[in-house]
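2 protein chains.
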Amino acid sequence: MIRPVSPDPGPRLGPGPEFDRIREIARILGPRARGLGDDCALLPDGDGALAVSTDVSVEGVHFRLDWITPAEAGWRATSAALSDLAAEGAGPIGVLSAITVPQRAADGDLLALSEGIGAAAAAAGAPVVGGDLSTGAAWSIGVTVIGRASRPVTRAGARPGDGLWVTGVLGGARAALEAWRRGDTPRADARRAFAHPEPRIAAGRWLSEHGARAMLDLSDGLAGDAGHLAAASNLRVDLALDAVPVAPAAIAEAERLDLPVQQFAAEGGEDYELLVALPPEFGAADVLEFERDCRVALTRVGSAARGSGVRVKLAGRSLTLRGYDHFR
Amino acid sequence: MIRPVSPDPGPRLGPGPEFDRIREIARILGPRARGLGDDCALLPDGDGALAVSTDVSVEGVHFRLDWITPAEAGWRATSAALSDLAAEGAGPIGVLSAITVPQRAADGDLLALSEGIGAAAAAAGAPVVGGDLSTGAAWSIGVTVIGRASRPVTRAGARPGDGLWVTGVLGGARAALEAWRRGDTPRADARRAFAHPEPRIAAGRWLSEHGARAMLDLSDGLAGDAGHLAAASNLRVDLALDAVPVAPAAIAEAERLDLPVQQFAAEGGEDYELLVALPPEFGAADVLEFERDCRVALTRVGSAARGSGVRVKLAGRSLTLRGYDHFR
Numbered sequence: 003m004i005r006p007v008s009p010d011p012g013p014r015l016g017p018g019p020e021f022d023r024i025r026e027i028a029r030i031l032g033p034r035a036r037g038l039g040d041d042c043a044l045l046p047d048g049d050g051a052l053a054v055s056t057d058v059s060v061e062g063v064h065f066r067l068d069w070i071t072p073a074e075a076g077w078r079a080t081s082a083a084l085s086d087l088a089a090e091g092a093g094p095i096g097v098l099s100a101i102t103v104p105q106r107a108a109d110g111d112l113l114a115l116s117e118g119i120g121a122a123a124a125a126a127g128a129p130v131v132g133g134d135l136s137t138g139a140a141w142s143i144g145v146t147v148i149g150r151a152s153r154p155v156t157r158a159g160a161r162p163g164d165g166l167w168v169t170g171v172l173g174g175a176r177a178a179l180e181a182w183r184r185g186d187t188p189r190a191d192a193r194r195a196f197a198h199p200e201p202r203i204a205a206g207r208w209l210s211e212h213g214a215r216a217m218l219d220l221s222d223g224l225a226g227d228a229g230h231l232a233a234a235s236n237l238r239v240d241l242a243l244d245a246v247p248v249a250p251a252a253i254a255e256a257e258r259l260d261l262p263v264q265q266f267a268a269e270g271g272e273d274y275e276l277l278v279a280l281p282p283e284f285g286a287a288d289v290l291e292f293e294r295d296c297r298v299a300l301t302r303v304g305s306a307a308r309g310s311g312v313r314v315k316l317a318g319r320s321l322t323l324r325g326y327d328h329f330r
Numbered sequence: 003m004i005r006p007v008s009p010d011p012g013p014r015l016g017p018g019p020e021f022d023r024i025r026e027i028a029r030i031l032g033p034r035a036r037g038l039g040d041d042c043a044l045l046p047d048g049d050g051a052l053a054v055s056t057d058v059s060v061e062g063v064h065f066r067l068d069w070i071t072p073a074e075a076g077w078r079a080t081s082a083a084l085s086d087l088a089a090e091g092a093g094p095i096g097v098l099s100a101i102t103v104p105q106r107a108a109d110g111d112l113l114a115l116s117e118g119i120g121a122a123a124a125a126a127g128a129p130v131v132g133g134d135l136s137t138g139a140a141w142s143i144g145v146t147v148i149g150r151a152s153r154p155v156t157r158a159g160a161r162p163g164d165g166l167w168v169t170g171v172l173g174g175a176r177a178a179l180e181a182w183r184r185g186d187t188p189r190a191d192a193r194r195a196f197a198h199p200e201p202r203i204a205a206g207r208w209l210s211e212h213g214a215r216a217m218l219d220l221s222d223g224l225a226g227d228a229g230h231l232a233a234a235s236n237l238r239v240d241l242a243l244d245a246v247p248v249a250p251a252a253i254a255e256a257e258r259l260d261l262p263v264q265q266f267a268a269e270g271g272e273d274y275e276l277l278v279a280l281p282p283e284f285g286a287a288d289v290l291e292f293e294r295d296c297r298v299a300l301t302r303v304g305s306a307a308r309g310s311g312v313r314v315k316l317a318g319r320s321l322t323l324r325g326y327d328h329f330r
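Order-wise, the sequence lines are chains A and B.
All letters in the first sequence, in the order written, are residues 3 to 330 by my numbering.
All letters in the second sequence, in the order written, are residues 3 to 330 by my numbering.
Okay, chain A solo, but in the shape it has when bound:
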């Protein structure tokens, strides 16, 4: 199931300064690294693979504790890591956390944050099996997730002609961020999208069992993540933004910024929905079955073609989308 790893072509990622750094690291590591650039590391295990991912959420970069509570920060960091397992079609078997606690932290904040980690892990059906603690200048939540996949789905298997689909709706997390950044209180649904994302574990497994050819989770924005899929699968992605499913909370925020709401949603990051390439024959009946089984929407937003890069169209016009760069 796991492709041969030697010779390793290095990480095939889309453009962006964060990804330039990952490419440089891969170059320095040479043959000492293996399989970098996917949502998870895949290690052969019996008939399938172990999937392992590690994610770090830093106070002031990924979250602020005047925006969300410590328990929400713990939930969010853990769900973001679990989302990488979802994107591989893996089921979680364990969660570890490495938490850095500022000296100024109030009594109880570490416990509240740990409670959020435990709640997110339990919701995904995985126990917390270990961790580490340190002091430091700011809160930092490192989350490592371990899962098993009988048919892991990387970013690399899409073929020209495949449809590109997303789960759920996009733009909710960005709607909350835009509100906080101008000093407002976000709508409850936007706040929930940012603070309490749901990793699409069941959806990822369903898709891996129903022919998904390539998959990743939406953390860098639709255009950025489509760029990763295009680079990894060595093809071009055409996005039809008119079709992008939009979170209701995004509408008013997009109007404030004078942006088409689909563009607002597609440029937002950290929705933790799945972007998946499915074969052309995947149709309406399959969508109904998916939505009945997984209780989340599945919407076709584009297609794969020969070539490279990402082309975006909205209302018949070509468009260049901003990415969402965590590495600011």
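Check each hint, because a few of them may be wrong.
Distance ranges between label pairs, derived from CB positions [as the list claims (entries may be wrong)]:
#1 Asp49(A) to Arg184(B): 35 to 45 Å
#2 Gly110(B) to Arg183(A): 27 to 37 Å
#3 Arg106(B) to Asp186(A): 52 to 62 Å
#4 Arg184(B) to Asp22(A): 40 to 50 Å
#5 Asp22(A) to Gly309(B): 34 to 44 Å
Covered by chain B, according to a simulated footprint, are these stretches of chain A (three or more residues, beta-carbon under 8 Å) [as the list claims (entries may be wrong)]:
#6 16 to 30
#7 49 to 60
#8 68 to 79
#9 135 to 145
#10 230 to 238
These aren't lab readings, by the way, just hints derived from the structure by calculation.
Note that beta-carbon positions come from the ideal geometry of N, C-alpha and C, so glycine has one too.
Once you've looked at the hints, dock chain B against the given chain A.
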């Protein structure tokens, strides 16, 4: 091989504020956590176990970049995590790093640090299989290691009458720290002990295959780590400090502090040697075989008895040792 996990008694750790926090977290997590408090999380895998550990090294807490180079910081953080696999008798199969890079970082520092991570992983025979990047106020290196153990050795299996043994020599890392803290340059061997620890992977596997009953790595100081073993194995540990093998660099530093050198060595942390409980019949011929196979010393420093806690004797007198608390 893996003990039943339900009901989980919670982490059985020795005394200390860092360990109080881990106990509190385990209490909050309740049944959502499993098997906390050992060097690694153990997940059933075929006939053996997967061993997974995550460790975070924070600039200004665990290391300073005016003391060691970025490449050394990467080596040290990775070897410290690999040492947890050694302590379980596991062989490493993959390393992941989650690196937080300060905005002020010089070009090249991230690559040098990654080079150190790759070198430590390669020295242990494991590829770097993934990671994450963020910005933040200070350097932070989260390292996750994955290994396999056919006969994992936890901290919990020691029995009254067992001998307590350590690999290598102790006090070298502390000798470097003491020199740096007073503004001096450490001796080369002390610096190497701190900046370039060698995880005892081969020794850990050898010991697990030759009857080791309980094992952990020395990161909290001999007394602190013996306290963890005593708590996990539900017995008392008697340490005979006169026998403690001392790093040559520790001698002059101990004299400066007017401490017996064995006490200086036993109170130092982060030597990343192994502390292992072996059955009473483990004898001189076994030691010779170990030292021939693993190219490192093995020294008996105490024994296990009925009771609880740690008793320390030096030159016939009882002694209370300071621990080494990372969570300062």
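Status of each hint after checking the structure:
Taking 35 to 45 Å as the suggested C-beta distance range, the pair aspartate 49(A) and arginine 184(B) does not conform, at roughly 58 Å. Roughly 33 Å separates the CB atoms of glycine 110(B) and arginine 183(A), a value that falls within the hinted 27 to 37 Å. Under the hint 52 to 62 Å, the C-beta atoms of arginine 106(B) and aspartate 186(A), about 32 Å apart, miss the expected range. One distance hint, 40 to 50 Å for the beta-carbon pair arginine 184(B) and aspartate 22(A), holds here, with the actual separation near 42 Å.
A hinted range of 34 to 44 Å is violated for the C-beta pair aspartate 22(A) and glycine 309(B), which are about 59 Å apart. Using a Cβ-Cβ cut-off of 8 Å, 6 residues of the stretch 16 to 30 of chain A lie near chain B, which meets the minimum of three, so the contact claim holds. Counting residues of the stretch 49 to 60 of chain A whose C-beta sits closer than 8 Å to any C-beta of chain B gives 8, which meets the bar of three, so the coverage hint holds. Coverage of the stretch 68 to 79 of chain A by chain B is violated. Counting CB-CB distances below 8 Å, 0 residues qualify, and the rule asks for three or more.
Here the stretch 135 to 145 of chain A counts 8 residues with a CB under 8 Å from a CB of chain B, which clears the bar of 3, and the coverage holds. Residues of the stretch 230 to 238 of chain A with a Cβ under 8 Å from some Cβ of chain B number 0, which does not satisfy the need for three, so the listed coverage is violated.
The structure is inconsistent with the numbered hints 1, 3, 5, 8 and 10, although it conforms to all the rest.
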